[in-house]
Structures are given as C-alpha cells and as structure tokens.
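Colleague: Each chain is listed here by its residues.
There are 10 protein chains.
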Amino acid sequence: DITLLGRSEHRLPASPDEAALETFPNRTPGRNYTIHLSAPDFGSLCPVTGQPDAAHVEILYIPDERCVETKSLKFYLASYRNHASFNEAIVNRILDDLVAACAPKQAIVRGRFVPRGGIQLTCEARHPSREIPLEWPAASLSTPH
Amino acid sequence: DITLLGRSEHRLPASPDEAALETFPNRTPGRNYTIHLSAPDFGSLCPVTGQPDAAHVEILYIPDERCVETKSLKFYLASYRNHASFNEAIVNRILDDLVAACAPKQAIVRGRFVPRGGIQLTCEARHPSREIPLEWPAASLSTPH
Amino acid sequence: DITLLGRSEHRLPASPDEAALETFPNRTPGRNYTIHLSAPDFGSLCPVTGQPDAAHVEILYIPDERCVETKSLKFYLASYRNHASFNEAIVNRILDDLVAACAPKQAIVRGRFVPRGGIQLTCEARHPSREIPLEWPAASLSTPH
Amino acid sequence: DITLLGRSEHRLPASPDEAALETFPNRTPGRNYTIHLSAPDFGSLCPVTGQPDAAHVEILYIPDERCVETKSLKFYLASYRNHASFNEAIVNRILDDLVAACAPKQAIVRGRFVPRGGIQLTCEARHPSREIPLEWPAASLSTPH
Amino acid sequence: DITLLGRSEHRLPASPDEAALETFPNRTPGRNYTIHLSAPDFGSLCPVTGQPDAAHVEILYIPDERCVETKSLKFYLASYRNHASFNEAIVNRILDDLVAACAPKQAIVRGRFVPRGGIQLTCEARHPSREIPLEWPAASLSTPH
Amino acid sequence: DITLLGRSEHRLPASPDEAALETFPNRTPGRNYTIHLSAPDFGSLCPVTGQPDAAHVEILYIPDERCVETKSLKFYLASYRNHASFNEAIVNRILDDLVAACAPKQAIVRGRFVPRGGIQLTCEARHPSREIPLEWPAASLSTPH
Amino acid sequence: DITLLGRSEHRLPASPDEAALETFPNRTPGRNYTIHLSAPDFGSLCPVTGQPDAAHVEILYIPDERCVETKSLKFYLASYRNHASFNEAIVNRILDDLVAACAPKQAIVRGRFVPRGGIQLTCEARHPSREIPLEWPAASLSTPH
Amino acid sequence: DITLLGRSEHRLPASPDEAALETFPNRTPGRNYTIHLSAPDFGSLCPVTGQPDAAHVEILYIPDERCVETKSLKFYLASYRNHASFNEAIVNRILDDLVAACAPKQAIVRGRFVPRGGIQLTCEARHPSREIPLEWPAASLSTPH
Amino acid sequence: DITLLGRSEHRLPASPDEAALETFPNRTPGRNYTIHLSAPDFGSLCPVTGQPDAAHVEILYIPDERCVETKSLKFYLASYRNHASFNEAIVNRILDDLVAACAPKQAIVRGRFVPRGGIQLTCEARHPSREIPLEWPAASLSTPH
Amino acid sequence: DITLLGRSEHRLPASPDEAALETFPNRTPGRNYTIHLSAPDFGSLCPVTGQPDAAHVEILYIPDERCVETKSLKFYLASYRNHASFNEAIVNRILDDLVAACAPKQAIVRGRFVPRGGIQLTCEARHPSREIPLEWPAASLSTPH
Ligand SMILES: [Ca+2]
Ligand SMILES: [Ca+2]
Ligand SMILES: [Ca+2]
Ligand SMILES: [Ca+2]
Ligand SMILES: [Ca+2]
Ligand SMILES: [Ca+2]
Ligand SMILES: [Ca+2]
Ligand SMILES: [Ca+2]
Ligand SMILES: [Ca+2]
Ligand SMILES: [Ca+2]
Ligand SMILES: [Ca+2]
Ligand SMILES: [Ca+2]
Ligand SMILES: [Ca+2]
Ligand SMILES: [Ca+2]
Ligand SMILES: [Ca+2]
Ligand SMILES: [Ca+2]
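Sequence lines, in order, name chains A, B, C, D, E, F, G, H, I and J. For what it's worth, my numbering labels the leading residue of the first sequence as 6, then goes sequentially. For what it's worth, my numbering labels the leading residue of the second sequence as 6, then goes sequentially. For what it's worth, my numbering labels the leading residue of the third sequence as 6, then goes sequentially. For what it's worth, my numbering labels the leading residue of the fourth sequence as 6, then goes sequentially. For what it's worth, my numbering labels the leading residue of the fifth sequence as 6, then goes sequentially. For what it's worth, my numbering labels the leading residue of the sixth sequence as 6, then goes sequentially. For what it's worth, my numbering labels the leading residue of the seventh sequence as 6, then goes sequentially. For what it's worth, my numbering labels the leading residue of the eighth sequence as 6, then goes sequentially. For what it's worth, my numbering labels the leading residue of the ninth sequence as 6, then goes sequentially. For what it's worth, my numbering labels the leading residue of the tenth sequence as 6, then goes sequentially.
Errors might be hidden in some of the hints.
[What the hints assert, rightly or not] Ranges of calculated distance between the beta carbons of each label pair, as one might list FRET restraints:
no.: 1; chain 1: C; residue 1: D69; chain 2: B; residue 2: V104; range: 19 to 25 Å
no.: 2; chain 1: B; residue 1: R135; chain 2: A; residue 2: A108; range: 33 to 39 Å
no.: 3; chain 1: J; residue 1: D22; chain 2: H; residue 2: A105; range: 36 to 42 Å
no.: 4; chain 1: A; residue 1: V53; chain 2: I; residue 2: A25; range: 47 to 53 Å
no.: 5; chain 1: B; residue 1: P138; chain 2: D; residue 2: V53; range: 46 to 52 Å
[Unchecked claim] Far from chain E by the CB rule (all over 12 Å, computed), these chain C residues:
no.: 6; residue: L17
no.: 7; residue: E27
no.: 8; residue: T33
no.: 9; residue: I67
no.: 10; residue: K76
no.: 11; residue: N87
no.: 12; residue: E129
no.: 13; residue: E140
Don't read these hints as lab results, they were simulated from the structure. Beta carbons: idealized from backbone N, C-alpha and C, even for Gly.
Turn these sequences into a full structure, and let the hints guide you.
Modeller: If you want it as structure tokens, here you go:
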C-alpha cells in the first residue's frame with residue numbers, strides 16, 4: 006500500500022483532491038495509544054483575496070486497524086499549498102480525510118493560522134463529535150513557540 | 006452578508022454601537038468544533054481618566070448555525086479604540102455582542118489588560134453562564150508571553 | 006463609594022488595618038465570570054528579622070453583587086510594605102479582607118514569595134474552603150516571565 | 006516647567022502637534038549616563054487605509070542639560086493614537102521632537118510594529134546621524150519577547 | 006518550639022537523622038489551604054559511587070494543626086548534603102519525615118534530579134497514598150526551567 | 006541482580022534483543038508513587054532508508070514490587086542506536102519490555118521524534134490500556150524545549 | 006509609483022521574474038537610519054526534489070534616496086512560493102533585487118530555512134560586500150522562537 | 006570592619022543617609038576581575054506622588070583595594086524602601102556611594118524600574134564617566150526575563 | 006560532483022574516513038556571504054568507555070569557490086555515530102575536513118556536547134587560526150535552548 | 006597522566022588542596038581554539054555562617070600544550086563541596102589552579118552564585134589580567150536560564 010516512502014521524491018499534488026493519505030496496518034491494535042503529527046509549515050491560499058495563508062497544523066489520533074503513513078501525509082498537506090480554502094474548512098476537511106483514510110478510534114485536528122489584520126485564528130475539530138467542555142487551547146509539545 | 010472581506014479598507018467605526026459583527030453560515034454544523042480568535046493589540050479608554058488602556062482580547066467559541074467573519078471582527082474590536090469603558094464591561098459586552106451575532110453553542114471571552122498602578126487585570130466571561138470551578142488562568146496558544 | 010480613582014495620588018496607609026478595599030456594583034451579577042488581579046511587586050516585612058520580603062500576589066474571584074476597585078486594591082496591598090507578618094498570614098488575611106469587602110461567590114489568593122535561605126514559599130488559600138485535590142501550582146497568565 | 010506629574014489625569018492631545026514633551030534639569034550633567042524609555046503599547050493609524058497600527062516604541066538617550074519628563078512623554082506618545090502616519094515617519098519624528106525638547110548628547114529611537122500582511126517592520130534612527138555599522142537588532146531589556 | 010529563626014546561623018547537621026523539622030501552630034486550621042516549598046539546590050551523594058547528586062526538591066502540603074518552619078527545613082534539607090541515599094529513597098523519606106513532623110491533611114514531595122548517564126530521574130510521592138491517575142509531570146511555578 | 010551500577014562502563018548491546026532491563030526491589034511498595042525517566046538523546050535507524058532517527062524518550066511509571074535500575078536502562082536505550090525500527094514500534098516495544106521487566110502498576114512511554122520531511126511525530130502508549138480521553142500532549146518537566 | 010497599497014488584493018506573481026519591488030522617496034535621506042523587515046513565513050521549492058522549503062527571511066537596510074514599499078515586498082516574496090531555487094541563491098537574489106530597486110547605503114538579507122535531513126541552513130549576504138569578521142548569528146528581534 | 010555578616014539581623018536603616026556600605030580588602034588586587042551584584046526586588050517611593058516604585062538594581066565593578074560586603078549592601082539598598090527619590094537620582098546616588106565606599110577601578114549601576122503609565126524606565130550610569138557609544142541595553146545574566 | 010541529492014537514501018558510512026563531503030560551485034564568489042549549518046542531533050562514541058556522546062554541531066563559513074552540499078554533510082556527520090573520538094578531536098577534524106573539501110575563506114566549527122558527570126563541554130575551532138579575544142559563547146540562531 | 010577516566014568512581018577529595026587537575030596533551034597546539042566547561046551544580050560553604058552556597062561555575066580557555074581532563078575537573082570542583090571559602094576567593098582560586106595545571110594561552114572563570122539575602126553575586130576573573138572594558142555579563146550557552 007505504501008508507494009512513497011524510501012523512493013525519490015515526487016511532484017506535489019495540485020490540490021487535496023489529487024492527493025492520497027496512505028496507511029499501514031497498526032501492529033498493536035489491541036492497545037489504545039496516541040500518535041501526534043505536527044506540521045509547523047503548512048500553507049494555503051485565501052479563497053477571497055488569493056493571498057497565502059500560513060499555519061501550524063497538528064493531528065492527534067488513536068489508531069484502530071490502520072495508521073497514517075507520514076510521507077503520504079507530507080504530500081497530502083503540501084497539496085493545500087496552492088489550494089484556496091477558508092481556515093475552518095481546511096481543518097474540517099483534514100479531519101474528514103483522516104477519518105476516511107484510517108477510521109481512527111478518536112482524532113483531533115488543529116490549525117493555528119498566522120495573524121491576518123492583527124487577529125490570529127485557531128480552529129480545532131474532533132472525531133467523533135461530542136459535547137466538549139470549552140477551554141482555552143494550551144501549547145502542545147510541538148508548538149514552535 | 007459579508008461586506009468587508011476582499012474590498013479596500015474602510016474607516017473605523019467610532020464606537021461598538023456603530024460597528025457590526027458579520028457572520029457566515031457554518032458548513033459543518035453537525036460537528037462540535039472550536040474557533041479561537043486572538044487579538045493581542047486591543048485598545049480602549051479609561052472612563053474615569055480618559056487615558057488609553059491596552060489589552061489582549063481572545064474569543065473562543067463553538068459555532069452553531071453561523072460563524073463570525075474575522076474582518077468584521079477586526080473592525081468591531083477597533084471600534085473600542087476611542088470608546089471609554091471599564092475593563093469588566095468591555096469583556097462582558099464583547100461576549101453579549103458575539104452571542105447576539107451568531108448564537109454560538111458555547112463561548113468564552115477573555116481580556117488581559119496591561120498593568121495600571123502595578124496591577125494587571127484579566128477578566129473572563131462565559132456563555133452560557135454556569136457554576137465554574139475557579140482555577141488560575143493558563144496561557145493560551147496565542148499568548149505573546 | 007469610590008474615593009480614589011481619578012484623583013491625585015494619596016499617601017500610603019501605614020498598615021492593612023488603616024487601608025480599605027473599596028467596591029463598586031457588579032453590572033452583570035447574573036453571569037458567573039472571573040476577575041484576575043495580579044500584583045507582581047508586593048512587599049512586606051519579616052516579623053522575626055524585620056527584613057523585607059517580596060512577593061507576587063494574585064487574586065482570582067467570581068464577583069457576586071460587588072467588584073473590588075483596583076486603585077483601592079493598590080493602596081491596600083501597599084499598606085503591607087512596612088507591616089510585619091508571616092507569609093502564610095498575609096495570604097490568609099488578604100483572602101479574609103477580600104471576602105469581607107465584596108462577598109464573592111468564589112475567590113482564591115496566592116502569594117509567591119522570593120527565596121529566603123534558598124527556599125521559595127508559595128501559599129494559596131480559597132474561599133469557600135473545601136476538600137481540594139492537591140496538585141502542583143501551574144504558572145498563571147500574569148506570571149512575570 | 007512640569008505641568009502634569011502628580012495631578013489628576015488630563016484629556017489626550019489629538020495629535021503630536023498638540024502635545025508637548027516637557028523636561029526637567031539634569032542633576033548630574035557632568036556624567037554621561039543613559040536613560041531608556043520603553044513604551045510597548047504605542048498605537049497609530051495607517052495613512053493609506055486608516056487602520057490601526059500597533060508598535061513597541063523605545064527611546065534611549067544620554068541627557069545633556071535636561072531630561073524628558075515621563076508623564077508628558079506618555080501623553081506625547083498617546084497623541085499618535087488617532088494620528089495617521091507612516092511607520093518610518095513616526096520614528097523619525099519622535100527622534101526630531103526629542104532632540105528639539107532636550108538636546109541630548111546622543112539619542113536612538115526604535116519602533117517595532119506588529120506584522121501587517123505577514124511582514125514585521127522595525128525602524129531605528131539615531132542622533133547625531135553617523136555612518137553606522139549595519140547589524141541585526143538584538144532584543145533590548147524591555148522587549149516583551 | 007522554634008529554635009532557629011532569627012538567631013545566628015548554626016552548623017549543618019551531618020545527616021537527616023541528626024536534623025529536625027520544627028513546626029509552628031497553623032493559625033487558620035479551619036481552612037484548607039496549600040503551602041508550596043521549593044528548594045532548587047538540594048544535594049546528596051550516590052550510595053554506590055559516592056559522587057554528588059543534585060536535585061530540585063519541592064514540597065506541597067495542606068496543613069492541619071501545624072506548619073513546617075522554613076529555616077528548620079533549610080537545615081533538614083542541607084543534612085542530605087553528605088548523606089548517601091538513592092533518589093527514590095530520598096523522596097520517600099522526606100515525605101515520611103514531613104508527615105511525622107506536622108501530620109498534614111495532604112502532602113506531595115517531588116525530587117527532580119540532574120541527569121546521570123544522559124537520563125534524568127524525577128520521583129514524586131503522595132500522602133495519603135491513593136490510586137492516582139498517571140499523568141506526565143507539568144512544570145510547577147518554581148521550576149527554574 | 007544489579008550488574009552494571011558502580012562498575013566500569015561496558016560495551017553497548019547491539020540491539021534491544023541483546024539488552025536487559027535490570028530491576029531492584031521497591032522499598033515502599035505500599036505507597037503509590039511515580040518515577041519519571043527522561044532520555045533526551047535517544048537514537049535509532051529508519052527501517053526503510055537506514056537513516057538515523059533522533060528522539061526524546063520518556064518513561065513514567067508507578068512501581069509495584071520492583072523498580073527499573075537506571076544504568077541498565079541507559080544501556081537498554083542505547084541498544085536501539087543501530088537498530089532499525091518504526092517510531093510507533095519503538096515506543097510500544099519499550100513499554101512491553103518495561104512491563105515484562107518490572108510489572109508496574111501503571112506505565113506510560115512517550116517518544117518525541119525530531120522532524121522528518123517537516124513533520125514531527127510523537128507516539129505515546131499506556132499500560133494497562135484503557136479508553137483514554139484524547140488530548141494534546143503537554144510539555145513534561147524534563148522537556149529540553 | 007505605488008500601485009498596490011490601499012487597493013483590493015491582487016493575484017500572486019508566478020515567480021520573482023514577474024514580481025516588482027516598488028519604492029517610495031525617503032523623506033529623511035540626510036539621516037542614516039535602519040529599516041528591518043521580517044517575513045517569518047517565506048516559502049519556495051527545492052530545485053532537485055520539487056518539495057516545499059520554508060524559511061524566515063529578514064531584510065535590514067539603510068535607505069538612501071528610496072525606501073521599499075512593504076506591500077510590494079509581500080507580493081515579491083510570495084512570488085518564490087512556487088519557484089524552484091537553492092537556498093543560497095534565494096538569499097543572494099533577494100539582496101540583488103533589493104539593491105537594484107532602491108540602491109540602499111547598506112543592506113543585509115538573511116534566510117533561515119527549516120531543517121531538512123536534520124540540518125538547518127541559514128544564509129546571510131551583505132551589500133556592499135566586505136571582509137566581515139565571521140561570528141555566530143544571534144537571534145534578531147523578530148526571531149519566532 | 007565588617008559588622009553585619011554572621012550576626013542576627015538588624016533593623017532597616019530609614020534612608021540611605023543612615024546606611025553604610027561596608028568593605029573588605031580585595032585579596033587579588035593585582036588582577037582585574039569583575040563582581041556583579043544583582044538585586045531584583047529594590048523598592049523606593051515616588052517623590053511626587055508618594056507611591057511605591059519597584060526596580061531591579063544591578064551593580065558591576067572591578068575592585069581596586071577593597072570590595073563591597075554584600076550584607077551591608079542588602080541593608081543599604083533596603084534603606085531606599087521608604088525614601089522618596091527620582092529614578093535617575095537613585096541610580097546616580099548608588100554609583101556615587103559605591104565609589105565613595107570602595108573606589109573601584111570601574112563601576113556601572115543600572116536600575117530597571119517597573120512600568121508606570123505604560124512606560125518602563127531604565128537608567129544606567131558609569132564611573133569613571135566617558136564618551137560611551139550609545140547602544141540598546143542587553144539582558145544581563147540576572148535579568149528575571 | 007553531487008551524487009546524493011535527489012536519490013533514494015543510502016547506507017551510512019561506518020566512519021568519517023569512509024565519508025566524503027561533496028561540494029558544488031559557489032555562484033556568487035565575488036561576494037563575502039555566510040552559510041550556517043546546524044546539526045542538533047550529532048552522535049559519537051567515547052573512546053575510553055564506548056558510551057554514546059550526543060552533541061549539537063554547528064558550522065559557519067564564508068565560501069570561496071565551492072560550497073558544501075548539505076546531503077553529503079548529513080552523511081558525513083552521521084558517520085561519527087559509531088566512531089570513537091574525543092570531543093575536542095571531533096570538532097578539530099570536522100574543521101579540517103571542511104577546509105580540505107571546499108577551502109572556505111573563513112570557517113568556524115562548534116560542538117556543544119551534552120553533560121557527562123555534571124559538566125558540559127563546548128569546543129570551537131576557527132580557520133584560519135588567529136589570536137582571538139576570548140569571550141563567552143552566545144546562543145546562536147539554531148540553539149535549541 | 007590520566008588516572009580517573011574509564012575507571013570506577015572514587016571517593017571525593019575533602020578540599021581543593023587534596024584534589025588535582027589532570028591534563029592531557031593538546032593534539033592541535035598550532036590552532037587557537039576554545040574549550041568551554043560548564044558546571045551548573047557547584048557547591049561550597051560560607052566561611053562565616055557555615056551554610057551551603059550553590060553556584061554555576063564556567064571555565065573558558067584556549068589550550069596551549071595541554072588540556073584539562075574533565076573527569077579530574079569533576080572531582081576538583083566537587084572538592085569545594087565541604088570547603089569554606091568566599092565567592093570571590095573561589096573564582097580566583099579556580100583560575101589560579103587552572104593556570105598552574107595547564108598554562109593556557111587565555112582563560113576566564115565565572116561563578117554565578119544563587120541569591121543570598123535577595124542579592125545575586127557573579128564573579129569573573131581572566132588570565133592574563135588586562136584592562137578590560139566593563140560590560141554587563143551576557144548569558145552563556147550553558148546558562149540554565
Ligand atoms: Ca509533538
Ligand atoms: Ca501589545
Ligand atoms: Ca491561538
Ligand atoms: Ca493575568
Ligand atoms: Ca528597559
Ligand atoms: Ca542548580
Ligand atoms: Ca512556587
Ligand atoms: Ca537532542
Ligand atoms: Ca522530569
Ligand atoms: Ca513558520
Ligand atoms: Ca526584528
Ligand atoms: Ca522586529
Ligand atoms: Ca519583582
Ligand atoms: Ca548575575
Ligand atoms: Ca541557524
Ligand atoms: Ca556551553
């Protein structure tokens with residue numbers, strides 16, 4: 006299933022529609038454990054102005070039968086580079102694509118976007134959805150502070 | 006509904022009464038997710054002395070049917086710049102205006118004001134109101150520390 | 006009720022007995038919200054040696070009918086400057102005086118004293134008292150660094 | 006000469022043209038010593054868009070016969086709050102006004118503006134002007150890091 | 006009961022067996038409040054190699070009838086300086102001695118030892134013992150980070 | 006049982022199969038207390054490319070009858086240096102080997118790997134496994150940040 | 006001369022060849038002063054692998070007759086986003102283009118690229134070139150750490 | 006000459022006029038070496054308003070025949086606690102008193118005062134006075150950052 | 006000349022004798038500019054004990070005719086992984102090999118080793134050698150602080 | 006010459022008179038390079054009160070014919086543990102002993118002592134002695150900040 010790891014680099018997919026999240030079997034499916042993937046240099050385009058947006062994107066999940074392969078994740082995230090989408094839509098789509106690819110027991114996706122107009126936006130979505138107690142986001146381990 | 010994004014900049018509203026928080030439809034209303042908006046350069050005036058106050062204002066909410074558009078939020082917050090109001094009143098009003106504009110499932114507003122007379126004041130209000138366990142505020146992701 | 010704000014500065018009270026915490030009406034008493042007051046440059050005297058102690062004093066409370074006015078708080082805290090008292094007694098007294106002045110729904114007072122003899126002492130008291138799960142103090146928003 | 010210190014607060018001047026930097030005599034004019042004044046919450050307006058700019062303004066100088074009085078400096082800096090001016094012009098004008106007010110032996114003014122469009126601008130001017138070796142700015146003592 | 010505070014300094018006790026933790030009456034025994042004592046420069050000896058160990062030792066407790074006097078604590082902790090003991094034993098003994106001295110309602114002791122062989126060890130013990138949910142230690146207020 | 010501590014250094018084991026985690030009796034088995042072991046300079050090899058991986062590995066556990074001896078842990082961790090294994094497999098194996106060696110009441114192992122391809126991976130596994138509430142990892146006390 | 010500031014946003018230029026650095030007259034050309042421009046979210050492509058590179062690009066210069074307009078700089082820097090070029094070539098080209106656009110008295114350009122293969126590269130070039138004493142780069146004011 | 010060290014604590018002198026800086030002989034007068042004394046909790050009073058000022062005071066000097074005894078320095082600095090004086094006058098007086106007490110080869114005194122009215126003031130004076138190149142203050146080792 | 010970049014990964018060389026630093030032509034040889042290469046995860050072995058050492062290795066140089074290719078540098082540095090050598094010898098050899106490979110105008114190599122026995126060692130060597138003013142090392146841009 | 010490295014640990018020497026700094030030949034004596042040794046957990050006793058002092062001791066030197074062996078340095082520094090000496094005397098003696106042991110081309114020793122009575126003392130001495138420009142100490146690479 007894994008087509009990218011260990012080979013020479015490939016061209017970037019032009020959009021998330023053209024990219025694929027590859028997976029590999031989880032070898033300890035009986036144990037609930039977490040995988041945290043942190044991509045501090047995510048880029049996209051603003052759908053209104055066409056200008057670049059930059060963000061720190063993080064994924065945290067508990068795998069079920071399959072895990073996300075990180076090299077395909079790198080290509081998947083890079084496919085947003087010239088893709089125009091609202092910040093909130095990006096975070097929700099990454100979560101949807103992750104769930105479709107590996108059906109994790111639980112997952113959270115967070116995107117922390119660099120300030121525009123003096124205001125910074127962070128969006129965070131969780132699967133499965135539930136009534137969550139609202140609390141201020143804390144810096145994760147991979148925050149470049 | 007959105008009148009500001011993608012156009013040339015406008016003049017600042019003279020007070021929050023003249024400003025409007027615009028909204029757009031939440032595209033994933035079935036999922037509980039959070040949006041964190043952080044404005045580290047908020048300004049207002051002291052109603053007693055007329056002197057400038059500075060604050061870091063943050064909003065965290067779970068959208069229901071509509072989301073706040075960030076460019077109108079920028080104008081809304083800038084409308085306090087020459088508006089005289091007590092710190093506690095500012096935080097409570099921003100929460101009231103947010104709730105009136107987009108009726109979020111949950112919301113918190115926090116204003117961290119720069120020290121006056123050697124004392125720093127931080128005010129935080131939550132919607133819907135509830136018995137909250139009192140605990141020291143922790144630094145959020147966007148705190149400029 | 007408020008006699009200090011907006012006037013020229015006054016002389017310091019010689020001790021907390023001579024100082025008064027002034028209050029003003031809470032305009033949103035129906036909502037539970039928090040006010041955090043942070044005074045990083047508190048001073049007092051050691052009752053045994055007469056030497057100066059320095060501390061970072063913080064107050065966090067949920068107002069009920071009345072709020073503490075910050076300029077009177079500044080004078081109240083400054084009244085400890087030449088007052089000899091043990092660290093634990095200072096924190097408990099500030100909490101008692103706060104409760105007496107504005108009868109908050111909940112309140113916490115914390116004093117973090119600079120090291121003496123290579124040992125740093127932090128004391129924290131809560132109103133109303135209750136069985137609290139003991140856990141290490143975390144840095145609050147107003148921690149000076 | 007000093008009209009502001011120790012009195013009740015006054016209204017803000019509407020622009021730097023209406024504000025005045027007051028001074029007092031330097032009591033140790035025979036010694037070269039430095040005074041560093043740091044104002045982390047400076048505000049102004051963009052002359053093209055009318056939007057607020059925020060900056061950290063710092064002044065460092067060696068007094069000759071007179072020193073700048075800090076309360077008048079507070080009012081002077083606050084007078085830029087609703088004044089439209091380019092970043093570079095603000096820094097150069099503050100230096101010009103400082104030199105006109107107290108004729109220091111040497112002076113530097115630096116303004117570090119919050120990012121606009123993802124780019125942060127810092128401007129620094131020195132009196133008297135001279136061939137300076139260009140080197141990256143280092144964090145000063147008052148940098149809010 | 007207090008023999009050390011306010012007198013000239015004494016010689017160091019040669020081991021914890023020779024040292025005593027002195028106490029004084031808790032003046033607000035009806036209120037549950039916490040006292041945090043942080044000693045960043047603790048020293049001991051490795052029982053196998055005889056080499057010095059260094060640690061940051063912290064105590065957090067809720068007093069019942071009596072509080073620990075900090076000058077006797079300084080001498081007590083200094084008594085480990087030439088005492089050979091394993092890291093885990095040191096933390097458990099300090100907790101035992103604290104409980105014996107003042108019978109606190111609750112107490113935690115933590116020792117964070119400097120790395121040996123590239124591995125850092127932190128030990129934390131609690132009184133009364135209970136099933137605690139295992140979670141990563143967070144930096145306390147007095148952590149010298 | 007302890008063969009390494011206090012002797013001259015030995016050669017490194019070539020793989021975790023050749024290494025052994027030694028233990029010693031827990032002297033306070035009646036008390037639930039925690040031991041945190043932090044190894045910021047862990048190394049391994051990527052099983053696909055053969056390139057070095059670097060990680061910060063942490064172990065946190067509540068001992069039952071026996072504790073892990075830290076010098077054998079140092080050798081055990083060093084045995085991964087030329088061992089090719091996936092990040093997730095390394096973390097799960099360290100947990101399995103720890104449980105086999107000392108049967109702790111509870112244990113967590115976390116490996117924070119340095120970025121590859123701009124993405125950082127952190128994996129965390131817990132014994133006994135259970136339904137854990139998914140939340141962002143926070144920096145532990147020994148994080149070298 | 007300035008075509009971008011104050012208008013609605015434009016499309017991004019496809020490469021630095023298509024972008025232009027606009028300038029405006031320096032109003033205090035008789036004074037040597039510095040302008041520091043910091044762009045923490047620069048992106049480009051690796052010419053060998055086609056993969057995205059990310060960098061923090063900084064410009065520091067002493068203007069002569071003209072200053073760089075920051076909105077055109079934003080577009081100029083964004084034009085590298087899909088442009089394949091080596092790190093060293095990017096830094097040298099930005100310096101060349103800056104010198105061609107505004108002929109500064111002095112200028113430095115620095116690009117700090119995110120790690121690839123565990124190695125971080127920072128390149129810094131200066132105009133006019135000269136024998137510089139080699140010394141380790143220090144963190145500038147705008148360093149995002 | 007040394008009257009304070011090793012005895013029980015004394016009462017605080019009421020002003021710097023009543024305090025004395027004690028000295029002891031420099032044992033290595035043939036070597037130029039530096040002594041840095043850092044007092045992060047200095048207090049004084051504003052001569053106009055009577056309100057407390059707080060500062061971090063630092064002394065750096067090269068001793069000649071005599072060194073300053075630190076316990077007398079502690080009492081000397083504490084004598085400013087209820088003394089009304091301008092910030093600039095405090096720093097210049099400490100330097101004068103230090104020079105009178107021990108005639109150092111060189112000395113610098115710096116006082117970094119906590120913000121008043123949103124402006125922070127740092128004053129630094131040097132003995133012997135000389136034409137100094139004006140440059141931004143950098144954080145010293147003892148800066149509480 | 007460049008054999009590694011853009012291909013699949015290769016096996017690690019067993020020692021620096023088997024590794025080669027590849028170079029490419031400097032395209033702007035007429036300009037003195039700097040390249041800083043920072044490798045925070047360097048590993049080697051202690052020649053006496055056989056135990057792993059870890060270090061942060063940095064290279065700073067001004068290229069003349071040729072630049073170092075970073076992928077070959079990665080392999081070159083990884084070749085020390087199982088190579089036994091003293092800290093000082095490693096730093097001097099890296100400098101020698103760099104000079105042999107690309108004959109830079111100037112170069113500095115620094116290795117900051119993790120503590121052994123509670124003492125941290127940093128070694129720094131420069132080409133060409135010269136009388137350097139001894140001063141404390143400052144944190145470089147890539148220091149992981 | 007080297008008697009300690011690679012053997013089992015020895016007993017600590019009781020004072021610096023009983024300890025010896027061992028050396029080994031410098032293999033690149035023709036090159037001026039620096040070695041920085043940082044010992045953050047140094048301990049000694051106050052000669053007046055007998056109480057423990059703690060310090061961060063650093064050595065920086067340019068070796069001539071011989072280098073200091075770090076394991077003997079560890080024992081040498083540990084010999085101060087129960088040795089009563091003034092802070093200034095400790096720093097000057099370490100420099101004297103270093104010069105006697107290996108006759109470096111240049112050397113600096115710095116001791117940063119933990120605060121006593123609210124005042125922190127740092128002493129720094131240099132060999133050979135010379136007229137040094139007095140400037141505030143900056144944080145070195147190994148400062149634990
Ligand atoms: Ca992480
Ligand atoms: Ca601000
Ligand atoms: Ca945020
Ligand atoms: Ca606060
Ligand atoms: Ca300052
Ligand atoms: Ca220490
Ligand atoms: Ca504390
Ligand atoms: Ca590392
Ligand atoms: Ca730890
Ligand atoms: Ca970035
Ligand atoms: Ca900057
Ligand atoms: Ca800046
Ligand atoms: Ca303070
Ligand atoms: Ca210091
Ligand atoms: Ca760097
Ligand atoms: Ca170092």
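Colleague: Determine whether the non-interface label on E129 (chain C) survives the test: each CB of chain E must be over 12 Å from its CB.
Modeller: violated, 5 Å
Colleague: Confirm or reject: K76 (chain C) is not an interface residue toward chain E, with every Cβ-Cβ distance exceeding 12 Å.
Modeller: Fine: 28 Å to the nearest Cβ keeps K76 (chain C) off the interface.
Colleague: Given the range 47 to 53 Å, decide if the beta-carbon distance of V53 (chain A) to A25 (chain I) lies inside it.
Modeller: Given a distance of about 51 Å, which is inside 47 to 53 Å, the answer is holds.
Colleague: So N87 (chain C) supposedly isn't at the interface. Is its beta-carbon more than 12 Å from every beta-carbon in chain E?
Modeller: Holds, because the least Cβ-Cβ distance between N87 (chain C) and chain E comes to about 19 Å, which exceeds 12 Å.
Colleague: Between the beta carbons of P138 (chain B) and V53 (chain D), is the distance compatible with 46 to 52 Å?
Modeller: holds, 48 Å
Colleague: Range hint 36 to 42 Å: satisfied by the CB atoms of D22 (chain J) and A105 (chain H)?
Modeller: At 38 Å between Cβs, range holds.
Colleague: Does L17 (chain C) clear chain E by more than 12 Å, comparing its Cβ with all Cβ atoms of that chain?
Modeller: holds, 26 Å
Colleague: Test the statement that E140 (chain C) is away from the interface with chain E: the closest C-beta pair must be farther apart than 12 Å.
Modeller: Violated, because the least Cβ-Cβ distance between E140 (chain C) and chain E comes to about 8 Å, which does not exceed 12 Å.
Colleague: Grab the minimum beta-carbon distance between T33 (chain C) and chain E and tell me whether it stays above 12 Å.
Modeller: Its Cβ never comes within 12 Å of chain E, the nearest being 29 Å, so this holds.
Colleague: For E27 (chain C), is the shortest CB-to-CB distance to chain E above 12 Å, so the non-interface label stands?
Modeller: Nearest chain E Cβ is 25 Å from E27 (chain C), so the label holds.
Colleague: The hint says 19 to 25 Å between D69 (chain C) and V104 (chain B); measuring C-beta to C-beta, is that right?
Modeller: holds, 22 Å
Colleague: Regarding R135 (chain B) and A108 (chain A), is the given constraint of 33 to 39 Å on their beta-carbon distance met?
Modeller: holds, 35 Å
Going down the numbered hints, you'll see the structure goes against 12, 13, while the others check out.
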